[in-house]
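J.: With the sequences and hints as input, model every part of the structure.
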Amino acid sequence: MAQQESTQTVDRELTMSRAMVEAIADEMRTNEEVFYMGEDVADYGGIFDSTQGLLDEFGHDRIMDVPISETAYLGAAVGAAQAGMRPIAELMFVDFFGVAMDQIYNQMAKNTYMSGANVTVPMVLTAAVGGTYNDAAQHSQTLYGTFAHLPGMKVVVPSTAYDAKGLMHNAIRDDDPVVYMFHKRLMGIGWMPAPDGPKTPVPEEAYTIPFGSADVKREGADVTVVTLGLHVHRALEAAETLAEDDIDTEVIDLRTLVPVDTDTILESVEKTGRLVVVDEDYRSYGVTSEIIARVAEADLASLEAVDRLAVPDVPIPYARPLENEVIPATDDIEDTVRAITS
Amino acid sequence: MYRVMVTARYYEERLQEEYLEGKQPAFDISAGPIPGELHLAAGHEASAAGVCQHLRDDDTVTAPHRPHHIAIAKGVDLDRMTAEIFGRETGLSNGKGGHMHLFDPAVNFACSGIIAEGCPPAVGAGLAAKKRNEDSVAVAFIGEGAVSQGAFLESLNLAAVQNLPVVFVIEDNDWAISMPKDRVTDVEDASQRAGGFDLPGKRVDSDDATAVYAAAKEAVGRARDDNGPSLLELQVHRRMGHFMGDPESYRPAEDSEAAKNRDSIERLAAELRAAGVEDAELEEIRDEAHERVDSAIEWAKEQPQPDPEDAYEDVFAGSKSGVTTTEPAHELADTTRAGGDD
Ligand SMILES: Cc1ncc(C[n+]2csc(CCOP(=O)(O)OP(=O)(O)O)c2C)c(N)n1
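Taken in order, these protein sequences are the chains called A and B. According to the numbering used here, the stretch in the first sequence is residues 1 to 342, in order. According to the numbering used here, the stretch in the second sequence is residues 1 to 342, in order.
To be clear, the hints were calculated from the coordinates, so they are not data collected in a lab. Incorrect hints may have been included.
Heads up, simulated SDA-like pairs for lysine to any residue below, C-alpha to C-alpha not over 25 Å straight-line [what the hints assert, rightly or not]: (1) Lys-23(B) - Ile-189(A); (2) Lys-23(B) - Gln-305(B); (3) Lys-301(B) - Thr-132(A); (4) Lys-260(B) - Glu-313(B); (5) Lys-181(B) - Gly-75(A); (6) Lys-130(B) - Asp-226(B); (7) Lys-199(A) - Ala-31(B); (8) Lys-23(B) - Asp-335(A); (9) Lys-23(B) - Ala-329(A); (10) Lys-181(B) - Asp-226(B); (11) Lys-23(B) - His-169(A); (12) Lys-199(A) - Glu-313(B); (13) Lys-301(B) - Asn-324(A); (14) Lys-260(B) - Asp-43(A); (15) Lys-301(B) - Gly-318(B); (16) Lys-271(A) - Asp-335(A); (17) Lys-260(B) - Arg-239(B); (18) Lys-181(B) - His-60(A); (19) Lys-199(A) - Gln-24(B); (20) Lys-181(B) - Thr-132(A); (21) Lys-23(B) - Gly-197(A); (22) Lys-199(A) - His-169(A); (23) Lys-199(A) - Ser-30(B); (24) Lys-130(B) - Ala-26(B).
Simulated restraints, written as ranges between beta carbons of each label pair [to be verified]: (25) Glu-205(A) - Ala-26(B): 30 to 38 Å; (26) Gly-53(A) - Asn-163(B): 45 to 53 Å; (27) Gly-53(A) - Asp-135(B): 50 to 58 Å; (28) Glu-302(B) - Asp-299(A): 52 to 60 Å; (29) Pro-151(A) - Arg-132(B): 25 to 33 Å; (30) Asp-175(A) - Pro-180(B): 30 to 38 Å; (31) Val-10(A) - Gly-318(B): 42 to 50 Å; (32) Pro-180(B) - Ala-243(A): 37 to 45 Å.
We put the beta carbon where it would ideally sit given N, CA and C, even for glycine.
T.: This is the structure we're talking about:
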């Protein structure tokens, strides 16, 4: 599917944040209309290293620190995009979307449609997502489902450095608003240890990963685990343990939620007959229910067993035992897979 | 005032020590006895002490992400606040809220990690007092970086047109994470913004606790006497990083040095001495404050961790309702598959 993906073998490994930054820098070099704005993105380099080093090359005019005024600067990105520029605007934590939601879901997402596509909004909204470090209910959400639910935004969630770079190139070149959600724990920043998985070989040259192409991160015959973001790595870890007990798990990384690649999932479920969907977002009305519904609609017959793991419908609690309880862990994935394969 | 200030300063010093435990050698935000982010307020004490001195338990205070000094000045239960910061079961919020989300209804204190979002609820508290013909007031504390936020400006306007008993307090520490004030506002004196809403605005230019006390007396008195809202801008200093672990590479060393040299606590001590207060008395106040803090921290650390199952409680006032806990795997009837295959 991903015909444009690079096939060149490389041994240079990058963290996910370095890979993202490389794509942004490359697009900024080739296109004067691309610029980046957000809080603490210039001198600080992004709280999660999302813009590390860009100020040195591009200066404050193109790597813009803005006042704490999400309505104004996210809305300004919409306006600049409608004027033909290609802004990238960063929301430091996705949890802060609320203060600027009108600009996001009534302007950024809808203007193309409301104008009969006579106006387009070629911008990228980047946002840090995810918990697992006890930062409580206002700084730990993933909210994948919220953005994917509201029509008009493409939604991208990389899980490796390789994917992060290819998806970022695609996001900046896309003529639609793209919400690019990066998980803090995958970025490879000093103060938040990442699992091993996200640091991958990354080709030096530019390449794109088309939206709507899920990636089979591990092949398996017995059960399909569909997931995204941090939980790709937790699912892969679970799959290794399950393999010791002869349970062969296929792990599918969605990579984009809008558009979503239902075909790859259907193909897999046809093979395995069993489906587990894992998500760090809330359970009700979310990614897990959507994926299961799509499979059920398209091919109920191939489904022998199905289950899902997500954050029960509670805000993310602060204390460690409480947060551990609600965010799906590797052994929760193992248990769920065991239960539906037994 | 002196007591509140030395309590707050020592509290932060002790929290800093505890916070760093287990996070080394490579700083890991998710390790150690105090989880998550921690924003300390050393250098901010004069504003909290000077303002809250005029408040009663039935007056409402909303604080931002840097709340401890304000909580202490407002009389929040120190033991339970500390237990909350350590994520313990007997904490103010049973471990669900954490350091940015402290709630103590006994003294009408609340805080929020979303910038400027404490302003509207403070207006609401003022509205309730007015509707009920009570003479309680509400005070919203925010940082100077928060004055660009819509919620602040809208709140000023609403409070003004309804003539509500609200005092907006800006703690100006010159920095919003990595952004110095002069790069995010062209209005050097934020108290001028009050003029745009036709209400009084005053700036106290140094972190002089007695000057803060006098200015706050006027503003709170005005609100209490039904003369409407006002805006108070108070110069404070950020003696450390924005949060624990902030490398502060964006900040000139002279600036950090200058902040440390402007110590409102030493200044107040000198004033007290000049007014005839004996050193021994100041020392006694300090020792008592330190004891109080040490005992709170000791107590908090002995408190039990919450039971993981508690995560499902408290989403609604009536406890468990509406929360989906993990349900057993759902097996589809064998006939479904067989039927479909036919
Ligand atoms: C709506 C929103 N945007 C951004 C942030 C991230 N953030 C947390 S603190 C902060 C800086 C706040 O600066 P200031 O108001 O001056 O307070 P200080 O931290 O200096 O006390 C920012 C940008 C947030 N918490 N909420």
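J.: Now, for every hint given, state plainly whether the structure supports it.
T.: Now the hints, each set against the structure:
no.: 1; hint: Lys-23(B) - Ile-189(A); in the structure: holds (15 Å)
no.: 2; hint: Lys-23(B) - Gln-305(B); in the structure: holds (19 Å)
no.: 3; hint: Lys-301(B) - Thr-132(A); in the structure: holds (22 Å)
no.: 4; hint: Lys-260(B) - Glu-313(B); in the structure: violated (44 Å)
no.: 5; hint: Lys-181(B) - Gly-75(A); in the structure: holds (22 Å)
no.: 6; hint: Lys-130(B) - Asp-226(B); in the structure: holds (8 Å)
no.: 7; hint: Lys-199(A) - Ala-31(B); in the structure: holds (22 Å)
no.: 8; hint: Lys-23(B) - Asp-335(A); in the structure: violated (31 Å)
no.: 9; hint: Lys-23(B) - Ala-329(A); in the structure: holds (22 Å)
no.: 10; hint: Lys-181(B) - Asp-226(B); in the structure: violated (33 Å)
no.: 11; hint: Lys-23(B) - His-169(A); in the structure: violated (36 Å)
no.: 12; hint: Lys-199(A) - Glu-313(B); in the structure: violated (38 Å)
no.: 13; hint: Lys-301(B) - Asn-324(A); in the structure: holds (20 Å)
no.: 14; hint: Lys-260(B) - Asp-43(A); in the structure: holds (22 Å)
no.: 15; hint: Lys-301(B) - Gly-318(B); in the structure: violated (30 Å)
no.: 16; hint: Lys-271(A) - Asp-335(A); in the structure: holds (21 Å)
no.: 17; hint: Lys-260(B) - Arg-239(B); in the structure: holds (5 Å)
no.: 18; hint: Lys-181(B) - His-60(A); in the structure: holds (16 Å)
no.: 19; hint: Lys-199(A) - Gln-24(B); in the structure: holds (23 Å)
no.: 20; hint: Lys-181(B) - Thr-132(A); in the structure: violated (33 Å)
no.: 21; hint: Lys-23(B) - Gly-197(A); in the structure: holds (23 Å)
no.: 22; hint: Lys-199(A) - His-169(A); in the structure: holds (18 Å)
no.: 23; hint: Lys-199(A) - Ser-30(B); in the structure: holds (20 Å)
no.: 24; hint: Lys-130(B) - Ala-26(B); in the structure: violated (52 Å)
no.: 25; hint: Glu-205(A) - Ala-26(B): 30 to 38 Å; in the structure: holds (33 Å)
no.: 26; hint: Gly-53(A) - Asn-163(B): 45 to 53 Å; in the structure: holds (51 Å)
no.: 27; hint: Gly-53(A) - Asp-135(B): 50 to 58 Å; in the structure: holds (56 Å)
no.: 28; hint: Glu-302(B) - Asp-299(A): 52 to 60 Å; in the structure: holds (56 Å)
no.: 29; hint: Pro-151(A) - Arg-132(B): 25 to 33 Å; in the structure: violated (44 Å)
no.: 30; hint: Asp-175(A) - Pro-180(B): 30 to 38 Å; in the structure: holds (37 Å)
no.: 31; hint: Val-10(A) - Gly-318(B): 42 to 50 Å; in the structure: violated (57 Å)
no.: 32; hint: Pro-180(B) - Ala-243(A): 37 to 45 Å; in the structure: violated (54 Å)
Checked against the numbered hints given earlier, this structure breaks hints 4, 8, 10, 11, 12, 15, 20, 24, 29, 31, 32; the rest are met.
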